[in-house]
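A.B. asks: Here is what each chain is made of, one letter per residue.
Number of protein chains: 4
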Amino acid sequence: MVTEPNNWGRFGPEDQRGTLNLLTGERVLAALAAAVTGQVLCLSMPVRRGGPRLRGRPEPQHFMSIDGADFAAGTRPVGAGLRMADDALIVSAHGTTTHMDALCHMWEGDQLYNGHPAAQVHSYGAKRCGIEQAGGVVARGVFFDVPRHLGLDHLPPEFRISGDLLEEIAPVGPGEVAVIRTGWPLVWDRSPEEYWSGQPGLAASAGRWLAERDVAVVAADNAAIGGLNPRQLSDEDLADDLHLILLHRHGVHLIELLWLEELSATGRSDFVFVAAPLRLQGGTASPLNPLAIL
Amino acid sequence: MVTEPNNWGRFGPEDQRGTLNLLTGERVLAALAAAVTGQVLCLSMPVRRGGPRLRGRPEPQHFMSIDGADFAAGTRPVGAGLRMADDALIVSAHGTTTHMDALCHMWEGDQLYNGHPAAQVHSYGAKRCGIEQAGGVVARGVFFDVPRHLGLDHLPPEFRISGDLLEEIAPVGPGEVAVIRTGWPLVWDRSPEEYWSGQPGLAASAGRWLAERDVAVVAADNAAIGGLNPRQLSDEDLADDLHLILLHRHGVHLIELLWLEELSATGRSDFVFVAAPLRLQGGTASPLNPLAIL
Amino acid sequence: MVTEPNNWGRFGPEDQRGTLNLLTGERVLAALAAAVTGQVLCLSMPVRRGGPRLRGRPEPQHFMSIDGADFAAGTRPVGAGLRMADDALIVSAHGTTTHMDALCHMWEGDQLYNGHPAAQVHSYGAKRCGIEQAGGVVARGVFFDVPRHLGLDHLPPEFRISGDLLEEIAPVGPGEVAVIRTGWPLVWDRSPEEYWSGQPGLAASAGRWLAERDVAVVAADNAAIGGLNPRQLSDEDLADDLHLILLHRHGVHLIELLWLEELSATGRSDFVFVAAPLRLQGGTASPLNPLAIL
Amino acid sequence: MVTEPNNWGRFGPEDQRGTLNLLTGERVLAALAAAVTGQVLCLSMPVRRGGPRLRGRPEPQHFMSIDGADFAAGTRPVGAGLRMADDALIVSAHGTTTHMDALCHMWEGDQLYNGHPAAQVHSYGAKRCGIEQAGGVVARGVFFDVPRHLGLDHLPPEFRISGDLLEEIAPVGPGEVAVIRTGWPLVWDRSPEEYWSGQPGLAASAGRWLAERDVAVVAADNAAIGGLNPRQLSDEDLADDLHLILLHRHGVHLIELLWLEELSATGRSDFVFVAAPLRLQGGTASPLNPLAIL
Chain B
1 MVTEPNNWGR
11 FGPEDQRGTL
21 NLLTGERVLA
31 ALAAAVTGQV
41 LCLSMPVRRG
51 GPRLRGRPEP
61 QHFMSIDGAD
71 FAAGTRPVGA
81 GLRMADDALI
91 VSAHGTTTHM
101 DALCHMWEGD
111 QLYNGHPAAQ
121 VHSYGAKRCG
131 IEQAGGVVAR
141 GVFFDVPRHL
151 GLDHLPPEFR
161 ISGDLLEEIA
171 PVGPGEVAVI
181 RTGWPLVWDR
191 SPEEYWSGQP
201 GLAASAGRWL
211 AERDVAVVAA
221 DNAAIGGLNP
231 RQLSDEDLAD
241 DLHLILLHRH
251 GVHLIELLWL
261 EELSATGRSD
271 FVFVAAPLRL
281 QGGTASPLNP
291 LAIL
Chain Z
1 MVTEPNNWGR
11 FGPEDQRGTL
21 NLLTGERVLA
31 ALAAAVTGQV
41 LCLSMPVRRG
51 GPRLRGRPEP
61 QHFMSIDGAD
71 FAAGTRPVGA
81 GLRMADDALI
91 VSAHGTTTHM
101 DALCHMWEGD
111 QLYNGHPAAQ
121 VHSYGAKRCG
131 IEQAGGVVAR
141 GVFFDVPRHL
151 GLDHLPPEFR
161 ISGDLLEEIA
171 PVGPGEVAVI
181 RTGWPLVWDR
191 SPEEYWSGQP
201 GLAASAGRWL
211 AERDVAVVAA
221 DNAAIGGLNP
231 RQLSDEDLAD
241 DLHLILLHRH
251 GVHLIELLWL
261 EELSATGRSD
271 FVFVAAPLRL
281 QGGTASPLNP
291 LAIL
Chain R
1 MVTEPNNWGR
11 FGPEDQRGTL
21 NLLTGERVLA
31 ALAAAVTGQV
41 LCLSMPVRRG
51 GPRLRGRPEP
61 QHFMSIDGAD
71 FAAGTRPVGA
81 GLRMADDALI
91 VSAHGTTTHM
101 DALCHMWEGD
111 QLYNGHPAAQ
121 VHSYGAKRCG
131 IEQAGGVVAR
141 GVFFDVPRHL
151 GLDHLPPEFR
161 ISGDLLEEIA
171 PVGPGEVAVI
181 RTGWPLVWDR
191 SPEEYWSGQP
201 GLAASAGRWL
211 AERDVAVVAA
221 DNAAIGGLNP
231 RQLSDEDLAD
241 DLHLILLHRH
251 GVHLIELLWL
261 EELSATGRSD
271 FVFVAAPLRL
281 QGGTASPLNP
291 LAIL
Chain F
1 MVTEPNNWGR
11 FGPEDQRGTL
21 NLLTGERVLA
31 ALAAAVTGQV
41 LCLSMPVRRG
51 GPRLRGRPEP
61 QHFMSIDGAD
71 FAAGTRPVGA
81 GLRMADDALI
91 VSAHGTTTHM
101 DALCHMWEGD
111 QLYNGHPAAQ
121 VHSYGAKRCG
131 IEQAGGVVAR
141 GVFFDVPRHL
151 GLDHLPPEFR
161 ISGDLLEEIA
171 PVGPGEVAVI
181 RTGWPLVWDR
191 SPEEYWSGQP
201 GLAASAGRWL
211 AERDVAVVAA
221 DNAAIGGLNP
231 RQLSDEDLAD
241 DLHLILLHRH
251 GVHLIELLWL
261 EELSATGRSD
271 FVFVAAPLRL
281 QGGTASPLNP
291 LAIL
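As you go down the protein sequences, you meet chains B, Z, R and F in turn.
UniProt numbering applies: residue 1 is where the first sequence begins, and numbers increase by one.
UniProt numbering applies: residue 1 is where the second sequence begins, and numbers increase by one.
UniProt numbering applies: residue 1 is where the third sequence begins, and numbers increase by one.
UniProt numbering applies: residue 1 is where the fourth sequence begins, and numbers increase by one.
For chains that are exact copies, the list does not tell them apart, and a pair is met inside one copy or across any two.
Derived SDA-like pairs (lysine to any residue); straight-line CA-CA distance at most 20 Å: (1) Lys127 with Gln111; (2) Lys127 with Gln61; (3) Lys127 with Pro77; (4) Lys127 with Arg49; (5) Lys127 with Phe11; (6) Lys127 with Gly50; (7) Lys127 with Thr75; (8) Lys127 with Gly12; (9) Lys127 with Asp86; (10) Lys127 with Pro13; (11) Lys127 with Arg76; (12) Lys127 with Met84; (13) Lys127 with Val78; (14) Lys127 with Ile66.
It is worth saying that the hints were derived from the structure and are not from the lab.
In this text the structure is predicted, and so the values were computed from the model without any measurement.
Sequences and hints are given; from them, build the entire structure.
C.D. replies: What follows is the structure, given as structure tokens:
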């Protein structure tokens, strides 16, 4: 049903939401039925310095512009006694913290997903396919806990998850969110150097398997959906690059650097998945705190 | 039932989540029943320069570190042809964009909500009551569309919403989110100067009415929950300050600078309210894109 | 001698320093002779929020990442007792603080000064004519204190300084720095709105007069060398635009937003002018603290 | 003559400039006589990502907010054809690029240099001893090219330069700038890991020798004036810590992370040293491009 390159026939040349268009009200209502206990889990890592990230990426920086220590040291309160803390955040989301990729994040040639001219992504931000187009995601989440399925703590760095392996674990359908665990974030605490030695991820066959099933979003706990070699690059050629298969050719939004350890411990295989990317105008991504309603 | 100052008896001295503790799985499941059509609305304003904000606050800044124009102008693709866009965001959320306040954002004296020492909020961030403690919010949202109730486009700047007026509009109960519309963001497009001439907001009586009902969150489309005078300060004394009543004394998280115009157009009075603040460690707030599932 | 457009015949197609090439060792030694008392004056405004700037430009932001208040409030010192303060600066120099423009800052058509392709100024920074090419400026400064010459506190906003007026005030020669006072920064403290009502500056004839004299740098206390109308734009067409005449066509570096009030009070007409722009690789400008050695 | 701790008797409790007070007009004029050829050398490293820095420090970030690639890709020029490039810089100067330390940068106990309360250094910046107090430095620079003196390319990481060794190389007097080369920046290009394995620097005896001679500034090409161990900390106790001896007890401004290789190649032993720190209000440091006029 889906064809490469680019899914133009389907959503048309003006589409900037890709497979998020599949999130109809009907599907949202159906998805809510996946909630059983009502427990809400955060699936993101903390936004802070010192956490898992791709080597060389600028870490999030957080500054306090006024804080409690200032008042303790004698700074005068506002008005009759009001005290407050204020801060600023600097964040480059890709490769540094849990985030959703916008459809403008990656492409080949001169066109973004669905034929939008790549030159419209310039210093003023993305005029097409920016993250502000994504809106909210409320969908059934299907959990592919690959290391648990294989009896491992985490996948080894050279492991590539095939479409057949996904097929073995669970069915997933149109408008659903495929949540894929590699366990790789566990490695960071043991050793950042080991974390940077490569990363497990999806094989091209898994990307095609997911695209064929019309998932709304692919969300993983690794840094690049696909695997990485020790130079932090993918080994696939352009035809098989995971970002190009999913984001560029099929308009599938991607979520990366999830934290899925508590979710894994629940043993749940599906749940309500909610993600609300910031409406950062022209942004290539948004830092994100996806929720699982169990 | 609730008493001022501070709600210590209730959640105990180590509590950092305040009334978000009311979001039990049972309540979450009940809240999901408020979804009727499954339509998902974003309740946030875009994150960008030039939008409604408090005068003098640093606007969000968004920079592209690589973009499509670079490739169009001859920058070499990665590897065999991969092209990408990457960016950075600088944001001070208070007063500049839709956000949730952490419990460490405001206080009087030397203690935050529930007795945490204010000096623990220092340049390394908030060691207590930071926004990373909030977790996800999934609750029934109750809509107080005040101007619609009064037959106005938006409230005038000096208007203060009383507890009696809220009572007149809708009941709200424990663990629910009170979503309050003033319509004030509509003024921005007409004139930033008029936007800065003051702001409508809650009167102290409304803050107390909401606290008594044990709402989980108070969320409004103005900049400060309470009203503002032309100097952008509140006219209430400390006893009646809305942030102190709600955030400081009762541990009620606040969401500000919402965009509620589409929600108002639906005529809906309740819905599922979802908010997923970034787990910004030690943060005093998180930029936010709250969702209404209708 | 100099011809428009662009001064290619003179410094050749690879030149990235423009008239700074005139700063030979011989001229530097001669310039040092202008020092009489040895007093050193800073000619810059403070880098901070709240100072004179063009409307709408992002102000400098300064954050402390650790400070004395933190230690006063109980933060543990480093090692056996060392305490320190550290900070971060975010600055967009144009229009916000004293700075030197790089030769890549402005152009018409597809080429920078001296034929460098403008497309080489991209998201990775300027590959040609970045501010890191400027190096240090040590030259004789010639002071054109225009309001003092005319018996005014400051020039009115619509005032345009002609070449004839400069000629009347002082001679200036090759490799010297023309320091031009309008007094406009004095207006800021009276009223930012008045400051933004327009700005006095050089007329095109003054730009040509300076270019003909082969000055090394033109340095002024207004925001744009040329004058500005109330919309903060120049009224000149491209042929007469001051940045294009000086920076683009003749390779003259520009310094803007100086603070010249103490210098004016000295009554000095020449001095040693020193400027040391940060070697910000690929930068379009550097914040700057120029010195006058009197 | 000088006494520890703190030099209060000398400049008095309100002094915020320390030994920069020694830069009298008379001394400045005398210093200018050190210029022989008039050649001007920049003594700073480029401000950019990827250069020598202390491990873990946030690197400078440079963003273009509009650039030539945007116009090449179709962005509309301003007005009738004006094109421009604009940018932003984020910089934490300590440990990342050439900079001057303010007197508020380091202390022990509760007081900065000369008795100023350390609590006055808070989130709004340093109210005392900020870098904006430094003003410009024009002084005779005395070059201590230690590796050249010892016949080495660079000092080994565990090398500590004693006062006796400085004495052997050159005399230095009141109000002069001691410029000290270790050659350590050369190691960066060979291997960042080796650069981080430790750093050569001054021994406490050298700090005392310099303080006794009343130098105005101590400027070095290493990261911390003193040496560093592989954990990037100094091995000295508080009594012998170089920052405390020089900056804290004697009010001597420090300049770090210089690039002295071209200066070394000239064989010059003295010159005019000029430094013009940005007047960053309340700043703990300023990025810097010191000049040597040969």
